[in-house]
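Enquirer: As a plain string of letters, each chain reads:
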Amino acid sequence: MSTRLPTVEGSPEGPENDGPSTFEAPARTASPRLVATLALAGALAGLVLVAVHQWTQPRILEHQARVLQEAVTEVLGGPESTHTYFRVEGAWTARPPADADTASADRVYIGFDATGAPIGVALAAGEPGFQDIIRIIFGYDPGAGVVLGMKVLESRETPGLGDKIEKDSTFVAEFRGVTTPLIGVKAGRARGDDAEVHLITGATISSRAIIDIINHRLEARGEEVRALWRSGIAPPPTVPADPGGER
Amino acid sequence: MTERRDGPRAGREAAAVEGGRLALVASPHLKSPDSTPRIMWTVTITLLPLVAMSTWVFGVNALLVISAAVLGAVGAERLLGAGGAIRDGSAALTGLLLGLTLPASLPLWMAVLGGGVGIGFGKLLFGGLGQNIFNPALVGRAFLQAAFPTALTTWPDPGQGWGIWTGDLFALPFFSGRVDAVTGATPLGLMKFEEVSTPVRDLFVGTTAGSLGETSALLIVIGGIYLAYRNYLNWRIPVSILAVVAGLSSAIHAIDPARFPGAPFMLFSGGLMLGAVYMATDMVTSPVTNSGAWIYGAGIGALVVLIRFWGGLPEGVMYAILFMNAFVPFIDRATQPRVFGTRRGAPA
Amino acid sequence: MIGLLEEWLRGGFRHGIHPPDHKEATSAVPIRRMPFPSEIVLPMRQHAGAPARLIVQPGQRVERGDKVGEPQGHVSVPIHASASGRVAAVEWCPHPDGSQAEAVRIEVDPHSAQIPRPRLVPRWEDLDADQVRAAVKEAGVVGLGGAAFPTHVKLQPPEGERVETLIVNGAECEPWLTSDHRVMVEHPERVHFGIRIMMQCLGTSKAVIGVERNKPDAVARLRETLPADLDIEVIALRVKYPQGAEKMLIRAVTGEEVPSGKLPVHVGTVVQNVGSIAAIAEVFETGYPLIERIVTVSGPGVVRPSNLVVPVGTRLRDVLAFCGGCTPDAREVLAGGPMMGAPQADLDAPVLKGTSGIVVLTDAEAKPSRVYPCIGCGHCLDACPVFLNPSLLGKEAQAGRYAEMEAHHLMDCMVCGSCSYVCPSNIPLSQIFALAKGALRREAGRRRAAESAAADGGKAA
Amino acid sequence: MGELIWIFVSAMLVNNFTLVLFLGLCPFLGVSAKVGTAVRMGGANLFVLVITSLTASFLNAWVLPHAPYLRLISFIVVIASLVQIVEMAIRKLSPTLFRELGIFLPLITTNCAILGLAIFQTNRGYGALEGLSFALGAGAGLTLALILMASIRERVELSDVPAVARNMGLVLVLAGTLSLAFMGFAGLFTT
Amino acid sequence: MSPRVTTPSEDFLRGVWQENPVLVQLLGLCPALAVTNTVANSLAMGIATFFVLTGSSLLVSLLKSWIPREVRISAYILIIATFVTMADMILAAVVPEIHKALGAFIALIVVNCMILGRQEAFASKRPVGRALLDAVGTGAGFILALLMIGTVREVLGYGSFLGVPLFGETFEPWIIMILPPGGFFTLGLLLLAFAAWEERKVERVHPRHWPHGVTVTVETGGDAHG
Amino acid sequence: MLTPSTVLTSVAILGGVGATFGALIAAANLRFQVAEDPRLDELTDLLPGANCGACGYAGCRAFAEAALGGIVAPAGCTVISEAERDDVAALLGVDPGEADRRVARLLCAGGSDVAARKAEYVGIESCAAAVAVGGGGKACAWGCIGFADCAVSCDFDAIRMSENDLPIVDPALCTACNDCVEACPLDLFILLPLDAPLLVQCRNLFDGDAAEAVCSVACTACKRCVQDAAPGVIHMEKGLAVVDYARIELANPKAIERCPTGAIVWIEGQQFPSLNLPAEHEMMA
Ligand SMILES: Cc1cc2nc3c(=O)[nH]c(=O)nc-3n(C[C@H](O)[C@H](O)[C@H](O)COP(=O)(O)O)c2cc1C
Ligand SMILES: Cc1cc2nc3c(=O)[nH]c(=O)nc-3n(C[C@H](O)[C@H](O)[C@H](O)COP(=O)(O)O)c2cc1C
Ligand SMILES: Cc1cc2nc3c(=O)[nH]c(=O)nc-3n(C[C@H](O)[C@H](O)[C@H](O)COP(=O)(O)O)c2cc1C
Ligand SMILES: Cc1cc2nc3c(=O)[nH]c(=O)nc-3n(C[C@H](O)[C@H](O)[C@H](O)CO)c2cc1C
Ligand code: SF4
Ligand code: SF4
Ligand code: SF4
Ligand code: SF4
Ligand code: FES
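Line by line, the protein sequences give chains A, B, C, D, E and F.
Taking the working numbering, I'd label the letters of the first sequence as residues 1 to 247.
Taking the working numbering, I'd label the letters of the second sequence as residues 1 to 348.
Taking the working numbering, I'd label the letters of the third sequence as residues 1 to 461.
Taking the working numbering, I'd label the letters of the fourth sequence as residues 1 to 191.
Taking the working numbering, I'd label the letters of the fifth sequence as residues 1 to 226.
Taking the working numbering, I'd label the letters of the sixth sequence as residues 1 to 285.
Worth flagging that the hints you see were computed from the coordinates, not collected in a lab.
Please read these numbers as outputs of a predicted model, since none were measured by experiment.
Ideal placement from N, C-alpha and C gives every residue a C-beta, glycine not left out.
Please note that a few of the clues may not be correct.
With a straight-line cut-off of 27 angstroms between C-alpha atoms, the simulated BS3-like cross-links for lysine-lysine are [unchecked claim]:
id : chain 1 : residue 1 : chain 2 : residue 2
1  : C       : LYS367    : F       : LYS118
2  : E       : LYS100    : A       : LYS167
3  : A       : LYS151    : A       : LYS167
4  : F       : LYS238    : C       : LYS67
5  : C       : LYS67     : B       : LYS31
6  : D       : LYS34     : D       : LYS92
Computed Cβ-Cβ distance ranges for the label pairs, DEER-style [what the hints assert, rightly or not]:
id : chain 1 : residue 1 : chain 2 : residue 2 : range
7  : F       : ARG247    : C       : ALA403    : 22 to 32 angstroms
8  : B       : ALA251    : E       : GLU19     : 29 to 39 angstroms
9  : A       : ILE183    : E       : GLU97     : 47 to 57 angstroms
10 : B       : PRO173    : E       : GLU199    : 41 to 51 angstroms
11 : E       : VAL94     : B       : PRO173    : 40 to 50 angstroms
If you only want the chain F side, here are some residues facing chain E, beta carbon under 8 angstroms, derived [what the hints assert, rightly or not]:
id : residue
12 : GLY16
13 : GLY18
14 : PHE21
15 : ILE25
16 : SER216
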């Protein structure tokens with residue numbers, strides 16, 4: 001063996017020389033060892049991860065809850081408290097039965113003022129915009145039938161154009177107090193209707209998408225929410241907004 | 001016999017068969033009169049009426065924007081290209097075509113940048129004339145549209161008089177100026193976002209908002225016919241584009257006339273005519289085979305209709321051409337001519 | 001589909017080009033006989049196939065028509081002295097292809113009457129096909145249309161193939177050249193006689209003479225003199241280059257394409273140039289072997305453009321001198337036409353059996369054009385008569401991709417130059433293809449050699 | 001149905017994995033020099049994407065509700081192992097197919113497009129059918145991008161590219177321009 | 001298995017520069033283009049990747065003799081994925097804003113070709129110290145490359161650096177730089193710039209021409225005739 | 001916080017996944033294993049990768065296979081450097097073997113300073129192209145055209161064109177790969193052992209004055225070298241002196257002394273030692 005050969009420390013088989021013409025396939029590892037290795041590695045990884053998870057999870061949840069809470073607060077104009085209502089088997093309830101699948105259930109967040117009177121319902125929704133799906137949350141007053149506010153949760157719209165739907169404060173402000181169903185109008189074509197929202201020049205598609213999202217969401221659930229509202233609701237004993245799997 | 005004699009690249013000496021040296025040049029010794037510079041300059045000249053027309057419609061800005069684009073293109077060719085490559089006329093033509101696709105109010109520095117990017121990234125990087133994949137003018141325009149979407153979709157109203165100055169034409173490089181142009185919506189924008197149609201007569205004559213070169217379909221068609229007659233463009237390309245656009249849009253228009261405009265509007269609005277006649281036909285970036293030309297043209301036509309009818313943008317000519325440019329090598333590969341004495345399908 | 005439509009609209013062979021034909025200079029000039037020069041040189045390599053073998057010694061006396069070279073093998077023909085005189089030397093002479101060739105130099109006897117030894121004129125009626133072929137071979141007849149392919153080989157279709165139609169190539173599509181034209185105008189009966197012999201030998205009942213429409217007088221003369229007992233048709237062809245190329249002519253006449261890599265016999269045809277036909281006729285009229293041919297001397301650099309009967313072996317210098325010499329701005333001398341002819345480095349090179357013309361060009365034509373990159377205009381694809389993609393082949397050559405060129409049918413290119421003619425970027429496409437074909441042939445030869453060496457080695461081991 | 005089509009078109013053109021979402025770039029640049037290889041790479045990709053989508057749907061439905069934080073690790077381990085097994089099988093059972101497709105499989109396993117598909121599919125809450133449409137769209141988009149790039153590169157090979165652009169610089173600029181061209185599809189079928 | 005013996009400093013520097021994973025080997029491109037539209041994102045992604053790379057190299061190199069060849073890929077991936085999941089959860093808990101901006105690309109570190117490549121090519125064959133050095137070098141090279149790309153894109157695309165505006169209000173941002181094409185163009189430009197730099201050093205050898213390729217002196221200059 | 005049940009779930013899931021796929025891979029391993037010598041790739045990597053075929057195999061990988069099979073010694077690759085050759089030998093555990101050093105020699109000395117021209121070729125700058133167009137214009141139809149096809153074909157940059165347009169082979173760089181021999185359209189290169197010093201640098205078949213008229217260093221076939229050399233070393237063939245390299249050991253420098261034109265030379269090392277390379281090339285040396 002020449003010293004020029006790579007010396008590979010600790011290599012399992014060790015490159016023992018076997019002449020130019022003889023060649024053996026590298027030895028196979030016994031099957032049980034393969035199983036054991038991967039199983040052990042998996043188990044160890046599971047152990048490590050569960051530890052990290054336990055440490056980080058509360059923080060992540062807390063952050064998510066805070067973000068959602070802020071969004072709800074913003075679109076409802078600062079409620080004193082908010083409560084999550086789930087739609088379980090076609091009925092809305094703040095306290096779903098324990099065996100209900102709340103993770104995938106539709107939900108709304110209802111805000112109450114200091115007196116415990118409901119001030120509005122926050123609904124989240126998403127639809128394709130110009131680039132990809134835009135997700136927003138908006139506040140709705142089922143009594144008056146007006147939108148109270150809108151906030152973009154997630155969008156990949158073009159920076160500088162489409163992202164005006166979240167960054168352009170005049171556009172965002174337009175959603176405070178507009179009558180539903182909303183009507184989008186291009187600049188200079190407004191007729192003074194209460195339902196009008198001015199589309200953003202250069203981002204007509206993105207801004208129209210917001211209007212469509214709100215209108216569609218209300219078309220689907222508006223009636224039920226209004227019924228719920230009319231049925232008279234009061235804040236249940238403290239249940240924080242549940243961020244999990246909101247759609 | 002040790003005096004130095006000439007090497008293989010010897011220069012010429014006295015002409016005359018007896019005594020002097022004969023020349024050895026490979027056959028054939030006859031040559032058609034067409035040459036690459038002649039093609040390029042001819043196309044450029046046929047575009048000049050269009051430049052004049054756009055100046056008439058949009059004022060001096062038009063001339064300034066076009067000149068800036070030409071300056072950018074020629075400057076880049078000069079700085080980065082092979083020495084003296086400017087004289088073959090292709091860079092000037094690229095700049096001119098780029099200029100014709102821009103709005104009249106564009107800051108001039110952007111037009112210069114577009115020309116530079118078009119030639120630099122769109123052409124010289126590939127080895128210069130003849131080697132590029134994408135239409136350099138459209139690469140420049142696509143770059144500008146993606147970089148400065150607002151400026152590229154701000155269309156001044158036409159017919160504000162000769163010699164008007166609009167927009168932030170003279171903004172400093174890298175900065176925007178004040179926007180004070182009287183802007184209007186283009187016919188395609190009106191159609192897409194307001195479902196308002198513009199009379200075809202206005203489109204044909206060219207007094208609508210839009211880019212500089214969209215002004216007159218008539219001049220473009222005349223130029224195109226002349227060039228096709230001279231065999232400087234492959235007539236199959238514009239014919240297939242326009243036929244597919246007309247056919248598809250008529251069919252879809254019949255289904256929902258309110259939402260989808262019909263063939264005349266589609267043919268004469270936006271950049272379709274300029275694109276079909278002058279940009280899709282760029283020899284370098286279109287298929288070299290005739291059957292490929294049909295496929296390529298049909299593809300552009302279909303994409304224009306797709307983007308205009310269902311896409312997010314009001315106009316899709318530029319993207320359609322760029323996208324089909326990308327397909328050209330594949331189309332060329334797939335449409336090799338059937339060699340004499342072989343059957344089609346035999347390995348080409 | 002669309003291709004078929006275009007074809008139907010046009011008829012004839014597809015693609016091709018329309019260069020100016022410049023034939024006016026000599027098309028009406030009658031053939032004249034050129035006086036014998038003081039010496040002639042006869043290279044042994046004048047035809048396709050194996051060169052002839054020298055059979056004379058320096059100092060020996062030869063008469064006009066005597067054999068100076070014997071054929072070596074089947075695809076080979078003898079060489080005959082084209083003038084009486086003394087063998088001055090056996091030496092190297094410049095060959096029109098640019099190389100040096102082994103040749104016989106004969107000092108022409110200025111006092112000789114230049115009458116060939118009397119010989120038996122073969123009675124063609126009595127000969128069978130084999131005897132006709134032998135006589136043709138013995139007379140040294142080769143194709144006069146370009147490739148100088150021994151004619152007796154073409155007269156013998158391979159086993160299992162039958163010739164249905166004899167096609168006579170009177171297209172003469174090369175600009176400036178008019179030698180075939182003059183033969184057809186001045187000796188139509190000789191052409192018909194040659195056809196008669198060929199038809200008999202090939203056992204064919206049908207012959208077609210294809211003539212481009214720019215030679216109406218030739219068409220008329222051939223039609224006037226048609227022998228009543230033979231099925232000969234004279235077709236006026238579209239004027240376009242390369243109408244005279246074998247495969248294009250067959251396509252125009254029969255509508256069939258010779259399959260790639262195959263010979264014309266595959267579609268039941270044999271193509272023979274009118275000059276070659278006339279030469280065969282001459283063999284059976286006079287018994288003379290092929291010792292002289294008709295040469296067009298033309299082009300802007302020639303003082304007196306002419307159609308001449310020139311003894312094979314006459315140096316180009318002497319031919320040009322007889323035509324009044326060259327103009328002062330003459331720059332380039334071509335053996336053959338301007339599209340496919342070979343430029344000459346040395347005017348001491350002789351006229352060969354296959355030299356159909358001498359074209360002298362001036363500075364204006366010999367100026368090399370500035371080359372630009374391929375702009376993908378597709379004009380070359382529309383020009384190539386065998387439907388290649390010269391644009392792609394050119395790029396592949398530039399990148400050294402010979403294998404790919406071969407896969408793209410480079411070997412079907414006949415180097416006609418149509419693509420170079422139309423290319424606006426002045427790319428020397430056909431020259432590139434000639435080179436690439438040469439390189440591929442060398443490569444194949446080497447591979448074969450290596451394989452046979454390996455086979456030998458294997459046997460030895 | 002309309003939803004499925006939108007998912008397909010969006011994954012193929014509007015949000016093309018390679019040119020818009022930047023997923024699977026390494027093999028995209030590495031294996032796009034020849035059209036033949038590109039086609040086969042595309043095919044192999046499509047295959048693995050489908051496996052991935054099915055795997056992800058399965059894991060999402062059955063295993064991960066118990067421990068969502070193990071999503072990533074179980075996705076990747078399962079996908080990698082499955083692909084390795086398929087590779088071994090193909091290698092043994094059909095050497096031809098292995099030469100055509102198999103050699104790409106390891107390249108694909110460690111490819112962002114695959115895991116990206118699984119993650120996006122989960123994030124967007126796609127079910128099995130939607131996931132399949134997503135995988136097919138993504139695979140078609142990848143294949144399209146690969147073929148376009150490869151045919152362009154074959155042509156560029158024949159041209160006289162300046163020395164500075166002979167490394168991958170030119171290829172990246174090409175990818176950028178392709179990506180520009182794909183911007184024309186933005187907003188397709190959303191209005 | 002390269003027979004050439006390398007020194008420790010070579011192991012480190014090679015990854016940073018000569019064999020920079022992004023700029024030279026073109027590995028790990030997805031994150032290098034997808035999340036580099038701002039410097040802050042680039043930095044975060046770089047650091048996360050660095051963490052995963054060093055961690056897993058260390059572990060792989062330690063465990064190499066226990067891992068059977070047949071399952072090594074699965075085992076490596078298991079190790080890498082563990083680190084990535086940790087990074088993912090920690091980033092989400094500690095810097096949620098950046099975690100949101102990086103999106104799925106944190107998870108995609110698992111399949112960053114660069115990382116698995118290092119395990120296969122180096123960590124699984126070398127002693128621990130060397131493997132660590134190599135990982136640190138490669139990881140540093142990755143951060144460096146991401147920062148370069150991120151800087152160009154943020155400065156042109158937003159007119160700012162690390163969020164600080166550089167050119168004032170009226171700067172016209174080049175939005176393309178933030179968009180996908182801008183990512184490709186930026187990396188392309190960097191590669192071109194490096195090539196131009198290298199090019200200065202190399203002298204021209206023979207022009208390649210016939211028989212490897214035909215050179216017809218292509219002149220684009222001079223008088224256009226015709 | 002670490003409840004036993006979460007820990008258990010997680011360990012069970014990942015452990016289970018690991019075990020399942022460990023088992024599957026093990027099974028696949030048993031069923032589908034394919035044998036291939038892992039050294040083949042390594043060995044191929046060690047080879048120069050020029051794929052020049054000079055070894056007589058179809059590229060480096062084919063050579064590697066042959067070397068693995070013990071059919072050929074590492075030195076069979078003429079291109080490989082000595083260090084690399086030893087690496088290969090070490091990997092295989094065999095003797096590197098010895099190869100006799102051969103170099104390419106040019107059979108023409110007719111540079112543009114001594115050889116006449118009779119016409120001017122204008123066109124593609126390539127010897128093969130020029131030769132096909134009327135012979136290229138050089139008066140000697142056998143002599144070097146000087147467009148450097150050989151230099152371009154050489155993958156090892158062993159050939160430089162000199163000031164007088166002759167290719168000069170650097171024996172240190174030449175690997176005897178045969179590329180130039182194949183590239184030259186006039187067959188002006190032959191591969192000779194480096195220690196074979198006698199060379200007739202001419203292929204012109206003219207005799208006497210005719211030869212000298214086209215090139216002042218042409219072989220005039222005067223036969224003096226035939227007489228001066230040891231018997232049988234040189235003979236005349238068709239107007240040219242030809243060295244019989246089978247008897248080259250008998251040669252001595254006397255053979256070249258009376259050559260009137262200097263067509264026959266005695267070389268040690270580089271051919272044309274006195275020729276200058278043009279300035280641009282010198283920079284590279
Ligand atoms: C690069 C680019 C990005 C774009 N991004 C968006 C976007 O995010 N949202 C949007 O609605 N339109 C976007 N557009 C679409 C155009 O701006 C489109 O013309 C506009 O929506 C039409 O609105 P207008 O009629 O008010 O000008 C984009 C266009 C380009 C070229
Ligand atoms: C190698 C070779 C073999 C040929 N064999 C035959 C043959 O067997 N029968 C025949 O009729 N012609 C044969 N030919 C003649 C060709 O068909 C053709 O007539 C000749 O090459 C001259 O054609 P050209 O002037 O177009 O180049 C052969 C030609 C070549 C080059
Ligand atoms: C491009 C091209 C053009 C040709 N033009 C003619 C022509 O005009 N007249 C002619 O007789 N032969 C022409 N030939 C040669 C013919 O193809 C063919 O070889 C010849 O007619 C066969 O007859 P031959 O053997 O009697 O020469 C041409 C060949 C080529 C490749
Ligand atoms: C040839 C040509 C192509 C064009 N392509 C596009 C395009 O793809 N997208 C676009 O927004 N504008 C394009 N324009 C500008 C276009 O005319 C403008 O957007 C329309 O006026 C909008 O209606 C193009 C203009 C020309 C002349
Ligand atoms: S030279 Fe060859 S490629 Fe060119 S037109 Fe003629 S046959 Fe076609
Ligand atoms: S004619 Fe010339 S420029 Fe046109 S495609 Fe052919 S090679 Fe290219
Ligand atoms: S090409 Fe010739 S000079 Fe170059 S290495 Fe090969 S044999 Fe030697
Ligand atoms: S030796 Fe041959 S290939 Fe080399 S320059 Fe001379 S002629 Fe050309
Ligand atoms: S990082 Fe390599 S494929 Fe995404």
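Enquirer: Hint by hint, which ones does this structure get wrong, listed from lowest number up?
Expert: 5, 7, 8, 9, 10, 12 and 16
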